[in-house]
Amino acid sequence: MAKLLTTEQMAEFANSGCLFFDELIDERTNKEFLDDIGHTDIDEVDSVQDYYRNIKATSSIPRIPAGTKLKDAYPKGSPLEKIFSHEVVDGAIKSLVGSNTIIDHQFLHITFPTKYFKQANQRQMSQQNHQDSTIDPRSTFDVQLFYFPTEVTKAMGGTRYHPGTHLRIVNEFGIAKYQNILGQKSIVCKPGTIGIFHSGLWHGAGVNFSENIRYMFKVRLQPTEKQELLWDPEKKYQPLPNRALYWTDERKDKTINDILMRSYPWQEADTNRLDKINVVKFWRLLTGHKKMDVDYWLTRIENELY
Amino acid sequence: MAKRQKVLVLYLKLPSLEGEVISWATFDGTGKKLHMTGDSDEPPYPTGLDALLDGWRLFQASQAIPEHPGQEFRTSYLKHEFFFEKLEEGDF
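Those sequence lines, one after another, are chains A and B.
The opening position of the first sequence corresponds to residue 1 in this note's numbering, with each subsequent residue numbered one higher.
The opening position of the second sequence corresponds to residue 1001 in this note's numbering, with each subsequent residue numbered one higher.
Derived from the structure by calculation, the hints contain no laboratory data.
Some clues are possibly wrong.
To be verified - With a straight-line Cα cutoff of 20 Å, these simulated EDC-like cross-link-like pairs (lysine to aspartate or glutamate) come out: (1) A:K118 - A:D43; (2) A:K252 - A:E87; (3) A:K185 - B:E1042; (4) B:K1079 - A:E172; (5) A:K281 - B:E1067; (6) A:K291 - B:E1072; (7) B:K1079 - A:D270; (8) B:K1006 - B:E1089; (9) A:K185 - B:D1039; (10) A:K177 - B:D1028; (11) A:K154 - B:E1042; (12) A:K69 - A:E87; (13) A:K177 - B:E1081; (14) A:K276 - A:E8; (15) A:K177 - B:E1020; (16) A:K3 - A:E228; (17) A:K281 - A:E12; (18) A:K154 - B:D1041; (19) A:K291 - A:E302; (20) A:K177 - B:E1042; (21) A:K276 - B:D1091; (22) A:K154 - B:D1039; (23) A:K236 - A:D293.
Keep in mind the model is a prediction, meaning the values are calculated, not measured.
Looking at chain B on its own, in the form it has when it is part of the complex (with noise of 0.2 Å):
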């Protein structure tokens, strides 16, 4: 039996697990499903917390990198990232 990994990246609202989901990617390593961009207008989970519930291991998060000084009001990429997988067996 062969291990897949499938990865599930989650933008939150805030910087903790508790927040409210606001972007979201899937990338099956199982090739069981496609996923692209704009395949879907629902996150799959109401929040990061709902995720561990149901699985997922978190791998990495952003860190909250002070804002340079000057720059204090330029707003950018979407701040608060974290990275789950799960991994799957199977015949692949």
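Just chain A, same shape as in the assembly (with noise of 0.2 Å):
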């Protein structure tokens, strides 16, 4: 049975641009990843390419078609399946791309530690900020899902991100200029964590700084259909009603509209008033509530009077 998000989880999606779920999946079929694709000790590694070319050759990881159904992507009882049949990554995929979500495609990314740079005398490099795949102005939002098959320290410079970017529209590697963004985050978590990206967030994967081989398997799932209240199906959501601005009661509890409202310190003093904006229109169409509004920010300009 699919474990449906919460309005407050997708409000922390819809203001983030991600969620994650720490150490969900088990550690047996994180180890039934790991002997499937043949994780083995750096000193075992001869060159990045005799690596992937064997875990191609021998894995349960299929060749997906793009646009293939998920749920008819990953044979019965391989890891993959069983992560993706997981309640809570089901409900999750459900909630943001819906039930007949397909594949745009799959990836397994591994960062070589120091060592091997060292021994192939290559420079090791950070991968740049970039937001997947190409400039994308859509409403529709596709989703990326990350999974940690093993412990992610800090010293394996786990994926960059940059919270509350996704609704910024660039091209893809137009960003790699900046080299460090204030609030910038890396993943560091247990193994079987799931991390969920809207495809628009800004990230990049950082030097693995560790004597281990570090994985991230990813997916991108694209909708099929509209995605309004996927979470809700009963459309419990009703908005809020309007509440003092500046003046402010500070008695009151804290609301969903406050994680909507939520401000990043690398966002322009200027800017940073559209990046809610637009993160209320963004709720807008989340939640089919096509007048709703947060603390006036779109009220305010919508009453043209002429």
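Need the complex rebuilt from these two chains, each delivered in its own frame; the hints are there to steer you.
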């Protein structure tokens, strides 16, 4: 039975562009996945190309034509089929991209440690910031689901990401010149963690300074239906009434509007307000409440009298 | 003695050098240090003005471009970009 996301989790996704489920996948399935791909010690790896070739030749990860339904994608009983069948993973996917989601692409990202680059006499560099995969002006959004089969320590340079950037429309590596962005985060997690990114979220792979290989299995999923109240089939969600602005009442409990209106340290003073407006517009699409507002951002400028 | 250029790019919270640094990049033409994406979580200076006070010379700043009609709410790249340089002499 799929465990759909809560309204609070959806608001978190709408505002930050990401959700995480720590240690969700059990140890046995993580081990099955690692055994299936032939995980080994870095000393056993001669070249990146050979390592990938071997995984492609022997693992149960199938070649999946773009546009294939997720439910038909993975062999029954395979580690990936078990992961996507997990009630929380299944529920999150159904909440964000619906019950008939299709696969855009998948990839097993492998980041090799310093030792490998020294042996190969290559410069070890991080991946620059980027947004997958090309300029995307749609209101519809895809998600990228990440699975981490091993622990990822800080030294392993887990995926760097920038919460709240998902609604900024840029062209892939057009953001590569931003080496560091205030509030940047890296995924440091326990084995079996699942992360879900809005396809617009800015990110990049970090440098692996540890002794071990880092893995991240990624699948990009597309919806085939309108992404409206997919997490709330009984349509219980109702927008909250207006509240006082600036001269505020701190005695009131925090609501999901506080989640939706969260700011980030990298946002410019002026554009931060547009970022909030875009979160409200995104929330209108997600909830189907086409006139709803938070903190009057859109109501104020929709009052056109001429 | 040869001269080499070090470039510091700061993205500020405001279109004024008084604005706080929200993003930064460094490219070191002396070859002494290799900077890369994600290599520091703390900005090198609190504001653009602090970079000037430390001897960085501003050589380019982003223009203020009015939003396209109909696209006023579209957000994209970081807006307030400032390029600084320092020239360093040495045997490179």
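To see whether the hints hold, each was checked on the structure:
no.: 1; hint: A:K118 - A:D43; in the structure: 12 Å, holds
no.: 2; hint: A:K252 - A:E87; in the structure: 35 Å, violated
no.: 3; hint: A:K185 - B:E1042; in the structure: 12 Å, holds
no.: 4; hint: B:K1079 - A:E172; in the structure: 17 Å, holds
no.: 5; hint: A:K281 - B:E1067; in the structure: 18 Å, holds
no.: 6; hint: A:K291 - B:E1072; in the structure: 19 Å, holds
no.: 7; hint: B:K1079 - A:D270; in the structure: 10 Å, holds
no.: 8; hint: B:K1006 - B:E1089; in the structure: 11 Å, holds
no.: 9; hint: A:K185 - B:D1039; in the structure: 12 Å, holds
no.: 10; hint: A:K177 - B:D1028; in the structure: 14 Å, holds
no.: 11; hint: A:K154 - B:E1042; in the structure: 16 Å, holds
no.: 12; hint: A:K69 - A:E87; in the structure: 18 Å, holds
no.: 13; hint: A:K177 - B:E1081; in the structure: 11 Å, holds
no.: 14; hint: A:K276 - A:E8; in the structure: 17 Å, holds
no.: 15; hint: A:K177 - B:E1020; in the structure: 18 Å, holds
no.: 16; hint: A:K3 - A:E228; in the structure: 17 Å, holds
no.: 17; hint: A:K281 - A:E12; in the structure: 15 Å, holds
no.: 18; hint: A:K154 - B:D1041; in the structure: 13 Å, holds
no.: 19; hint: A:K291 - A:E302; in the structure: 10 Å, holds
no.: 20; hint: A:K177 - B:E1042; in the structure: 17 Å, holds
no.: 21; hint: A:K276 - B:D1091; in the structure: 51 Å, violated
no.: 22; hint: A:K154 - B:D1039; in the structure: 12 Å, holds
no.: 23; hint: A:K236 - A:D293; in the structure: 17 Å, holds
Checked against the numbered hints listed earlier, the structure breaks hints 2, 21; every other hint is satisfied.
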